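S.K.: Two chains, two frames, a set of hints: combine them into the complex.
If you read the sequences in order, they're chains X and D. Counting from 1471, one number per residue, gives the positions in the first sequence under the working numbering. Counting from 47, one number per residue, gives the positions in the second sequence under the working numbering.
Since the hints were made in silico from the structure, they are not lab data. Incorrect hints may appear among the rest.
Said to hold, decoys possible - Pair ranges (Cβ atoms, derived):
#1 A51/D / G1712/X: 58 to 64 Å
#2 A51/D / A2005/X: 42 to 48 Å
#3 G92/D / K1479/X: 42 to 48 Å
#4 A51/D / V2159/X: 24 to 30 Å
#5 F72/D / E2140/X: 32 to 38 Å
#6 G92/D / T2013/X: 34 to 40 Å
#7 E1660/X / G92/D: 43 to 49 Å
#8 S50/D / K1479/X: 54 to 60 Å
#9 Y1488/X / V73/D: 40 to 46 Å
Said to hold, decoys possible - With a cut-off of at most 27 Å between alpha-carbon atoms, the simulated BS3-like pairs for lysine-lysine come out as follows:
#10 K1936/X / K1732/X
#11 K1759/X / K1748/X
#12 K1750/X / K1794/X
#13 K52/D / K2139/X
#14 K1807/X / K1794/X
#15 K1812/X / K1801/X
#16 K1732/X / K1763/X
#17 K1759/X / K1769/X
#18 K1732/X / K1769/X
#19 K2063/X / K121/D
#20 K59/D / K2063/X
#21 K59/D / K1479/X
#22 K1801/X / K1748/X
#23 K1794/X / K1812/X
#24 K1486/X / K59/D
#25 K2139/X / K59/D
#26 K1763/X / K1780/X
#27 K1919/X / K1812/X
#28 K2063/X / K52/D
These numbers were taken from a predicted model, which means no experiment stands behind them. Beta carbons: idealized from backbone N, C-alpha and C, even for Gly.
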Amino acid sequence: MSQAAFSQKGFTQQLKRYYGLYTGGFIAFIILLAIAEQMGLPRKYIGYTFLVATIGLYAMIGVMSRTVEVSEYYVAGRRVPAFFNGMATGADWMSAASFIGMAGTLYLSGFDGLAFVMGWTGGYVLVALFLAPYLRKFGQFTIPDFLGARYGGNAARSIGVFAAILCSFVYVVAQIYGVGLITSRFTGLEFGVGVFVGLGGILVCSFLGGMRAVTWTQVAQYIILIIAYLTPVIWLGLEHTGSPVPQVAYGQTLKKVTELEKKITADAKEQEVRKIFKDKADTANAALKDPAKAYADGKARLEQDLNNLKAANAPADQIEAAEKALAGYYKDADAAKAQWNKEKGLAARSAPPRPHSTPFPGKDEKARDTARLNFLGIVFCMMFGTAALPHILMRYYTTPSVREARRSVFWSLFFLLYFTAPCLAVLAKFEVYSSLVGSQFASLPAWAKAWASVDPGLLSIVDINKDGIVQLAEIVIGGDLIVLMTPEIAGLPYVVSGLVAAGGLAAALSTADGLLLTIANALSHDVYYKMIDPAASTSRRVTVSKILLLVVALIAAYVTSLKPGNILFLVGAAFSLAASSFFPALVLGVFWKRANRAGAVAGMTVGLGVCFYYMATTYPFLRDLLGVTKPIAEYLWFGMNPISAGVFGLPAGMLTIIVVSLLTPAPGKEIQELVEHVRYPNLAGDTVVSEAT
Amino acid sequence: MELSAKHQEYWRKNLVITAILMAIWFVATFVEGWYARELNDITFLGFPLGFYMSAQGSLIIYVVIIGIYARYMNKLDHEYGVQEGEDK
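The shape of chain D in the complex, shown without the other chains (with noise of 0.2 Å):
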């Protein structure tokens, strides 16, 4: 079959989503990573802040990452008409 244009929009706003987070999910975790030890310089809560992103820090954004996501994606299907039936 052929897809609507509209259907393809959102695709395209799938993928547009998806690397805004991988994005955000790349700096968390390798920007990060790799200037951990400068980050250390900074307190945070009372932690050094390099040590508190690899163990919380980060950890929080992945949630919050994935909670957007499907919210983000889950309105998304109701406005392009592609949702499921309701299962609730």
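Same shape as in the complex, but just chain X (with noise of 0.2 Å):
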């Protein structure tokens, strides 16, 4: 024991100086970088330059850290210290989302998409009060090995295997989504070359070394991540607050946003483009009353305006116009259907701009306290799902001690980057309400040519009502741009565009390594060695785990190839699900001793039962695929949106636990000996032996 604790001593310098020395290095290698962008260096050099620097690296760490031996492949052979494994925490929770999407969230939505900020960071205070150091002290590799060794039997490790696989696959594949969009946005490669070349980052580390080879690459993904995220942050936040840490100084940006926000709402000229903005939806809900006859109609207007014109002898040019009218007129009904959809849709254009500060509006006070419901369910979900991910449950299992766990969970709430991003919001927001409005057409700043011109998808100004002058309505921008342009809203050079992209591909790979390490591991340990072949020898189980590993991520590649839609509800609701199935069965199974096996299935299923079906009566993707066609509104509970649904899941999957417990025999000697050795970190004359070697 005196030898490895000299030894976990030494380790932690060790890697104090070998992370020191990385950061200097990754820094040093961004400066010469930036030199050589001022050289000439082309933008697209720079950025295969950041991609194969970056991916070489992780490779480089996947293949220093590889390993056959299970305890090192599982749980990176559990010394990882407490700073080191939240910082790793962070770069596997931090997801392509959380880092590009995060931002542009809070800035479309204002107060509203702070539900996400808290349900991220409040959740760790249940991982560390319930989850973190009970599950550390028993020890094993997979989440569902609690649930097999507290409940016994197959059965509640089975629903846990099945929960774990739904949660981590739906979210890995948006993770390869993400990393397909930035490969291919800044280096030019297509969308699937895009993908495979991350894929082969991905599979690099955790194919060669599991956990171990996954902690110590999320480390360095980690440190990128962080300065791409800074270092546009400050510099724009020391340019409009003076000071260099904008996250406590931007109250007064955000005052001055709000004083935007009444200064547009009033303007004659702003109102001007809303109204036609209005105009044309309600054109085209009248006509979508009954579209084959409004198509009809229109036509033969037309039909009548040009022999109108011909019968009264009117010059040449205007029969040529009206000809051309008619020509251009829709196809047939059914385009002229679609467009006028489309069209409706512009009535969310024809609102004034969103208070930025000011939490659930709504036109009435039934619709804002619904908004409010809704906050709070969002809030709730996203705390309880944080606490039952189990790729982000599973890291606790490789700290040295229960002590390191509970210090981890601080480190890892900590190192989040969620105190940056609300205010990152706000420093975007004030540069386009204040330099982008108001603007010429003939003279956009450089970087809204720029991006209007790369992807009208994320950037699309367009003079409505032809008057030269830039109107907030006439500015479409969409979520993702948010945290891609502010290196260039900041006047910072191309590099540290480059770096963010970098940090956004280091935020999805991470995050996919976890994810994939956690499917893979749970068909292996769960089901292979558990279930199937509990005798298999060690390398073979290794063995086994990395096949479904690669397995598991070329499964995931295609499916993203795919391309399949509403991959944000789906993540989303990847935590609903796991909040109701995981949450009340691990809480329950360390505070009270009385629940048992019964309890646990039932309340699991019942979890992830009642959870599902709110998503499939009320989630429109879901009730197309069911073929449900009641109305929504009949469905809905307390008018919760369906992303909310482990509001109701989990609570049903609780009391489940409880009353199906009560009403079957208590648990027995052995697994009343279990809980009590899970509750204390060391206790004297305890014969339980849990840890996994």
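M.R.: Written out as structure tokens, the structure is:
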């Protein structure tokens, strides 16, 4: 033990030295690239250099950490210090959606987007208080392991495996999608090629060294993504708030944004543009009441015009114009209907800007209360989902002790970048409202011109009322743009844009690594080793795990290449599903000795069932898939959005565990002792040995 | 095995601190969220308070809760003799 104690200390010192050098080296690399840019290195090559250098780096760490030992492969040898496990968890947690999308969501939905910020941070309180220390003491390899040992038999473990795979697979598809998107945008490679380049980067880590390689790569990825996120924000913040810590000082900027919102709402030109949208939407709505008739009427009117002109012997140019108008009319009734359906959506653009700092805006008291309920619903689901996602919980198996597991949750939360995202959203909004709105179409800011020409889905500015001046209502911004454009609006060189892309890539890769490992481990460890062949040798177990990892990765990449829609909803759904299935069984398993197998099996099934039922009846995509026809309103409970289905699933699951457990016999003495074993970091006279090596 | 009275007291203390911290968590999350509109009438550090809490204040409280729990429990382990061997 003393030998191990000594080496753990030395190991931590060594890690600090290595990662210190690594951080310095990375900053030097950026500075070199910046100098190369000044000397005329084309942008495309900067993108390539970042891609090749970072993926090559992750690959190198992967190769250096390769292993065939079971406990190294599954839990990194259980010697990851709290501080580094915190960074790894941060990278594991922050996905492409968090890195690129979070600030955008906050930009677009203002206060209401903060539900995700609160949910994704407050969840760590639950991890710290209810799960991390106890799971660490239990000390096996996967989350279904705990269910299997605590409740006995294969039923609870199987449901755990099913739920773990369900949540993680949905999530991993979204990550691979993000990888493909970032790679293709910054290097010009095709989306499909980008997916497979990224996949290579993911596999080389997890395949060779399992959790050990993934952990040390995630720490490296964390350092890149945090430098990438903070650099432009601090720069921009310095410019606007005069403080190097804009997270504290952006209150003044928020105040200015609120004033600009008022000005824009009252501005005559803005109102004019909004009125144009409203009229278009109204016309489309009227036409849609009877599209066939509206189409025929419209066509007849144009024909009538033409005939009238001809009959009156009007000048040739007028007749030509009328002929053109007729030829330009919708091809058929279906085309007209499609166009009207699109224009109906313009109603959204006829609304004045959403006040950024106002919670739960709505047209009346009832709408505002429903908005508030949904805000709290999302907070609830994101929190309990965070505390139940297997790829996160798994990380707390890797610390050397219970003590370090507790500290590690602290560092995990400390390292998340959610303190910064709301600040970035406000700074970006101020920039758009103050320097883009009101500028001349003839002389748009350079960054706006550049992005509008790259991808109109990210930024489109059209002079609707033809006054030559940009109105806010004429701008459409995609949420993903906010993080991507920040370096440019801050006037930083292109190398920082490359850095941001590298950060987004690191975020997506690290999360994908953790998720793939979770799925492969659930299959290889829980299904193959624990259920099918408990006599398998250790090297065989690791081999099976690696093969499964490869298979799962290829399936995930294939599903991603189909570009399934609704990815964002599905990611949100993963949280609700995880919260409903895992949380009650895990927490009651530690805190209530009386919880037994029948209760856990019933509770997890009911939790998942209720959650899925609510989504299936209220979410359009699933309703179509399953052929639900009755109106959504009949299925809604308290007006709750489908993404927050966990609000119903979790309590239902918890209640079921309690009721069924009480109706059936208490668990045996061994289980009671296992619970006691898990509750104390070190229990004198304890005979239970749960930790697997 | 039978748990000693000391062991049972350790677990009780754990439950008490967990309950207290959860109560703070609940207020910082759900009570704050419920009254966000009203809180916004107050200005704090130049922010409307409701916005500030959801964007930052509650997050800081979460970090502090976890920090307090880790410190308290790691100390409690020693007091009740249930600590692990040194790893540092």
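S.K.: Using the Cβ atoms, figure out if E1660/X sits within 43 to 49 Å of G92/D.
M.R.: holds (47 Å)
S.K.: Below or equal to 27 Å on CA atoms is what counts here, so check K1936/X against K1732/X.
M.R.: OK: K1936/X and K1732/X at ~23 Å, within 27 Å.
S.K.: Is the gap between the beta carbons of G92/D and T2013/X within 34 to 40 Å?
M.R.: violated (59 Å)
S.K.: Next pair to validate is K1763/X with K1780/X; report whether the Cα-Cα distance is within 27 Å.
M.R.: holds (25 Å)
S.K.: For K2139/X and K59/D, compute the direct alpha-carbon distance and say whether it is at most 27 Å.
M.R.: Holds. K2139/X to K59/D sits at ~24 Å (cutoff 27 Å).
S.K.: Regarding the pair K59/D and K2063/X, is the alpha-carbon distance no greater than 27 Å?
M.R.: holds (17 Å)
S.K.: Holds or violated: K1486/X with K59/D, Cα cutoff 27 Å?
M.R.: violated (35 Å)
S.K.: Evaluate the given range 58 to 64 Å for the C-beta pair formed by A51/D and G1712/X.
M.R.: holds (60 Å)
S.K.: Are K1750/X and K1794/X close enough, with their CA atoms no more than 27 Å apart?
M.R.: The hint holds at about 21 Å.
S.K.: Do A51/D and A2005/X keep their Cβ atoms within the hinted range of 42 to 48 Å?
M.R.: At roughly 44 Å between Cβ atoms, A2005/X and A51/D fall inside 42 to 48 Å, so the hint holds.
S.K.: Given the hinted pair K1759/X and K1769/X, is their Cα-Cα distance within 27 Å?
M.R.: holds (17 Å)
S.K.: Taken at face value, is the distance from the CA of K1801/X to the CA of K1812/X at most 27 Å?
M.R.: holds (16 Å)
In this structure, the hints that do not hold are numbers 6, 8, 16, 18, 21, 24, in rising order.
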